[in-house]
Amino acid sequence: MILEKIYSSKDINMTQILKDSFNQIHEQTEEHSDRTGEFDCALSGTTCTFAVIDTELRKLWVAHVGDSRAIICLKETGKYKAKEITLDHKANLPGELSRIESMGGEVRKIEGDIP
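Okay, so the sequence shown: first residue is 1283 according to our numbering, each after it adds one.
Some clues are possibly wrong.
[Unchecked claim] With a straight-line cut-off of 20 Å between C-alpha atoms, the simulated SDA-like cross-links for lysine to any residue are:
#: 1; residue 1: K1391; residue 2: G1327
#: 2; residue 1: K1391; residue 2: F1321
#: 3; residue 1: K1372; residue 2: R1390
#: 4; residue 1: K1372; residue 2: I1353
#: 5; residue 1: K1301; residue 2: K1341
#: 6; residue 1: K1365; residue 2: R1351
#: 7; residue 1: K1301; residue 2: K1365
#: 8; residue 1: K1365; residue 2: C1355
#: 9; residue 1: K1363; residue 2: V1344
#: 10; residue 1: K1341; residue 2: R1390
#: 11; residue 1: K1301; residue 2: F1321
#: 12; residue 1: K1363; residue 2: E1393
#: 13; residue 1: K1372; residue 2: C1355
#: 14; residue 1: K1372; residue 2: R1340
#: 15; residue 1: K1341; residue 2: K1391
#: 16; residue 1: K1372; residue 2: A1352
#: 17; residue 1: K1391; residue 2: T1329
#: 18; residue 1: K1372; residue 2: F1332
#: 19; residue 1: K1357; residue 2: K1372
#: 20; residue 1: K1357; residue 2: T1329
#: 21; residue 1: K1301; residue 2: H1371
#: 22; residue 1: K1301; residue 2: Y1362
#: 23; residue 1: K1372; residue 2: E1393
#: 24; residue 1: K1365; residue 2: K1391
#: 25; residue 1: K1301; residue 2: C1355
#: 26; residue 1: K1301; residue 2: V1347
#: 27; residue 1: K1301; residue 2: E1313
#: 28; residue 1: K1357; residue 2: H1371
#: 29; residue 1: K1365; residue 2: R1390
#: 30; residue 1: K1341; residue 2: E1313
#: 31; residue 1: K1365; residue 2: E1388
[Said to hold, decoys possible] Label pairs and their in silico Cβ distance ranges:
#: 32; residue 1: I1367; residue 2: V1389; range: 20 to 28 Å
#: 33; residue 1: G1360; residue 2: V1389; range: 41 to 49 Å
#: 34; residue 1: L1379; residue 2: S1326; range: 13 to 21 Å
#: 35; residue 1: L1356; residue 2: I1392; range: 33 to 41 Å
#: 36; residue 1: Y1362; residue 2: G1387; range: 21 to 29 Å
Because the hints were derived from the structure by calculation, they are not lab data.
Predicted, not measured: the structure shown is a model, and the values here were computed from it.
Ideal Cβ positions, reconstructed from N, Cα and C, are used throughout, including at glycine.
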């Protein structure tokens, strides 16, 4: 889906392609859940980290959802160092709970949840 959009367009807005793709996958997941009843989207979660590197433009785009992260290896003062380039989407992190609630979501602890 993402590669299809990249290869079919001469004017690439990678940020928008990634946002649209994540939203489309979310909608398809909800539709599948509603149709099959295999799982409850309200009680489910997901993680995904996706990176696109354009070597000609020397650009990197990273999109992620959930508590997965992207790390890049950089050479600084002759040594290689790992550097986080995303923040996990965890409700216990500063700002994440308010972000969720500001978008109409809620965070609940359900019996049996891992603390």
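Evaluation of the provided hints:
| no. | hint | verdict |
| --- | --- | --- |
| 1 | K1391 to G1327 | 13 Å, holds |
| 2 | K1391 to F1321 | 18 Å, holds |
| 3 | K1372 to R1390 | 12 Å, holds |
| 4 | K1372 to I1353 | 17 Å, holds |
| 5 | K1301 to K1341 | 17 Å, holds |
| 6 | K1365 to R1351 | 11 Å, holds |
| 7 | K1301 to K1365 | 23 Å, violated |
| 8 | K1365 to C1355 | 6 Å, holds |
| 9 | K1363 to V1344 | 19 Å, holds |
| 10 | K1341 to R1390 | 38 Å, violated |
| 11 | K1301 to F1321 | 24 Å, violated |
| 12 | K1363 to E1393 | 40 Å, violated |
| 13 | K1372 to C1355 | 24 Å, violated |
| 14 | K1372 to R1340 | 31 Å, violated |
| 15 | K1341 to K1391 | 40 Å, violated |
| 16 | K1372 to A1352 | 15 Å, holds |
| 17 | K1391 to T1329 | 19 Å, holds |
| 18 | K1372 to F1332 | 18 Å, holds |
| 19 | K1357 to K1372 | 29 Å, violated |
| 20 | K1357 to T1329 | 28 Å, violated |
| 21 | K1301 to H1371 | 16 Å, holds |
| 22 | K1301 to Y1362 | 31 Å, violated |
| 23 | K1372 to E1393 | 18 Å, holds |
| 24 | K1365 to K1391 | 31 Å, violated |
| 25 | K1301 to C1355 | 25 Å, violated |
| 26 | K1301 to V1347 | 11 Å, holds |
| 27 | K1301 to E1313 | 18 Å, holds |
| 28 | K1357 to H1371 | 27 Å, violated |
| 29 | K1365 to R1390 | 31 Å, violated |
| 30 | K1341 to E1313 | 34 Å, violated |
| 31 | K1365 to E1388 | 31 Å, violated |
| 32 | I1367 to V1389: 20 to 28 Å | 25 Å, holds |
| 33 | G1360 to V1389: 41 to 49 Å | 44 Å, holds |
| 34 | L1379 to S1326: 13 to 21 Å | 19 Å, holds |
| 35 | L1356 to I1392: 33 to 41 Å | 40 Å, holds |
| 36 | Y1362 to G1387: 21 to 29 Å | 38 Å, violated |
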